[in-house]
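Novice: The listed protein sequences correspond, in order, to chains A and B. Per the working numbering, residue 1 is the first one in the first sequence, and the count goes up by one each step. Per the working numbering, residue 1 is the first one in the second sequence, and the count goes up by one each step.
The set of hints was computed from the structure by calculation and includes no laboratory data. A hint or two may mislead.
[Said to hold, decoys possible] Below, a sample of chain B positions facing chain A; criterion: calculated Cβ distance under 8 Å:
#1 69
#2 79
#3 275
#4 337
#5 339
#6 340
#7 342
#8 345
A virtual CB, placed ideally from N, CA and C, is assigned to each residue, including glycine.
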Amino acid sequence: MRYSEEYRDPQIAHALADRIARDTTKRWVLMEVCGGQTHTLMRYGIGDLLPDSIELVHGPGCPVCVTPFELIDQAIDIGGRTGVIFASYGDMLRVPGSRADLLNVRACGGDVRVVYSPLDALGIARENPERQVVFFAVGFETTAPANAMAVWQAQREGIANFSLLVSHVLVPPAMRLILSSPANRVQGFIGPGHVCAIMGLGEYRALAEEFHVPIVIGGFEPLDLLEAISMLVAQLEEGRAEVENQYSRSVEGEGNLVAQKVMREVFTVSDRKWRGIGEIRESGLALRKEYSAHDAERLFNLVPLQMEEPRECISALVLQGLKKPGECSAFGKRCTPLNPLGAPMVSTEGACAAWYQYKRHA
Amino acid sequence: MPETTHANGLFLCPAPLNAGERIVIGHGSGGRLSANLLRDLFLPLFSNPVLDRLDDQAVVELGGVRLAFTTDSFVVKPLFFPGGDIGSLAVHGTINDLAMGGAMPAYLSAAFIVEEGFPIETLREIAASMGSAAAAAGVAIVTGDTKVVERGKGDGVFINTTGIGLVPEDINLSANQAQAGDAVILSGTIGDHGMAIMSTRAGLEFETTIVSDSAPLHRLVADILKASRGIRCFRDPTRGGLSAALNEIAGQSRVSIEVEEKRIPIRQQVRAVCELLGLDPLYVANEGKLVAVVAPECAEDVRAAMRRNPLGRNANIIGTVGDDVAGLVTVRTTFGSSRIVDLLPGEQLPRIC
Chain A
1 MRYSEEYRDP QIAHALADRI ARDTTKRWVL MEVCGGQTHT LMRYGIGDLL PDSIELVHGP
61 GCPVCVTPFE LIDQAIDIGG RTGVIFASYG DMLRVPGSRA DLLNVRACGG DVRVVYSPLD
121 ALGIARENPE RQVVFFAVGF ETTAPANAMA VWQAQREGIA NFSLLVSHVL VPPAMRLILS
181 SPANRVQGFI GPGHVCAIMG LGEYRALAEE FHVPIVIGGF EPLDLLEAIS MLVAQLEEGR
241 AEVENQYSRS VEGEGNLVAQ KVMREVFTVS DRKWRGIGEI RESGLALRKE YSAHDAERLF
301 NLVPLQMEEP RECISALVLQ GLKKPGECSA FGKRCTPLNP LGAPMVSTEG ACAAWYQYKR
361 HA
Chain B
1 MPETTHANGL FLCPAPLNAG ERIVIGHGSG GRLSANLLRD LFLPLFSNPV LDRLDDQAVV
61 ELGGVRLAFT TDSFVVKPLF FPGGDIGSLA VHGTINDLAM GGAMPAYLSA AFIVEEGFPI
121 ETLREIAASM GSAAAAAGVA IVTGDTKVVE RGKGDGVFIN TTGIGLVPED INLSANQAQA
181 GDAVILSGTI GDHGMAIMST RAGLEFETTI VSDSAPLHRL VADILKASRG IRCFRDPTRG
241 GLSAALNEIA GQSRVSIEVE EKRIPIRQQV RAVCELLGLD PLYVANEGKL VAVVAPECAE
301 DVRAAMRRNP LGRNANIIGT VGDDVAGLVT VRTTFGSSRI VDLLPGEQLP RIC
């Protein structure tokens, strides 16, 4: 397949792995921020190619994993109401709330649909003017512009029956939280390639400077990740702490200015709760007042719920890179993809599910 | 979820929504949920030595004759798709379940559950397709049934077919017969049927030329059986894809299976669409492919026999049976590392990013 097979060449992979082994003289702990990167690392068994002195820990960048219980419960609440079509990306359907998931809602007669884009959901709203169409707007800065665009279009066309249940989170505040923790072990980051394609490198330069930590913005193919790891090792060994861009075929310094503009037009930065981690100040997005007619939380009079996570679940520690999934006492026993205790076991991008899928017997 | 109805009086699903208490789509996906439903609900209630083998077909002796017997229901949407339709699929699917037991299919039944308001002309088109699929495969549809459900209580038309066929005396195939050292052979490319269906569904704004592989496999099976005596079992990787077929064989034979990623044939377009949608072709359905587990010394003969038949022209030896961990299926990646290929919990859900 053109434009992707080139980045999966086993020979180049082994050459990069050799270079990493040659360059590494100390132990280094690296974190890949994105769930998509975790998935590729597991899928290709890249950890097996690296020297033992490189430890990879999986970051919080799986949108499915960090969406809090309360929001899933709100989604389930809305999705079960008559007159509502609830549209979502596929893998949100199996994320457990406190008592159920959206697949169960569908089994009980709720109209829950899988879409590939918020604009598809907007199309459903256009075709079903008598029903309320709610799109579950999850994700990081990557999915935010398209969601903003859908709301902006709905407002412009006067499609009043379209709304978003917003659960947008931002990457830099989560990285800041990890770096600020006294227990932090992460010494270098593979930065989120697609997020930076939207947002540019500015926020990451500030983090690298403030915490003296190298950040290499990386892509999602195996060679991207190996090259990013190699660049990180070189920085660490030389004592540098800079932002470098491995994913230059997609990421430019300023990011996508048009996307940023529509995001700013529709969303404002807000405090957000992260599943397993808790509330992080100014770590997410909410709809601006001007667009509140498309805010599902307001439309459906949702009351903020407080939920407790299952005690045994250590997803907070996993998402911050402080523990590996295999170190959890419930892992693979009381917590499996079929009966997940915590969200990282749900999405195939989630650190626990990826670990379960690819490494369980290793 | 709070157990109250809302202040505005809107309906809220009143049933307790714990996973497992109601049927969800995943129970029909051929993954872990399907396997659990079978194990926990049906098997204890129906248990007998024939059923407990859990093969694609039951092989029974009746009046001194060995019969293969199977049934399958078809609920595909859309009803017509590139490379076939619900009618031809209903014929091929049941023929293939018989063929996987080494049987020569002879007779089929056809039962229709039709929704009120369904166009008779469309039903005629589907029945015509069934008729010609059966004729081409050399089987006869000899009995049937039609039921009509109220509008909204069905989805156009559902079809059930049941089939019987004769099992030659010296043929004894079962998914519990794989042994360490055996070769695993796949008859062709994977993922074509599932992706042909998926790329016709609403919501995808691109066009592909992917065509379903729906085809009857009994003649390919007969060719293979003629070429070799070392066949342990066949499976057709339908729901749940190649992963489910391999996991079933590994589980029932209490062996491990390792396949090599680079030896599994996948069409470029299928690979590309899977990638775009965040799906893994190992879990995508096929309707005209089979997996054969064969004694190692027969592997080359079997592959050659498959390749002589147009339905097996892309056949490849994809892996071997081992005795590491009973029930474990792994794939050796192009990078030389190994990963587990487990049954999916339920239906495969597209990833967000």
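Novice: Check each numbered hint from earlier against the structure, then list the numbers of those it violates in ascending order.
Specialist: Hint check: 1 and 2 fail, others pass.
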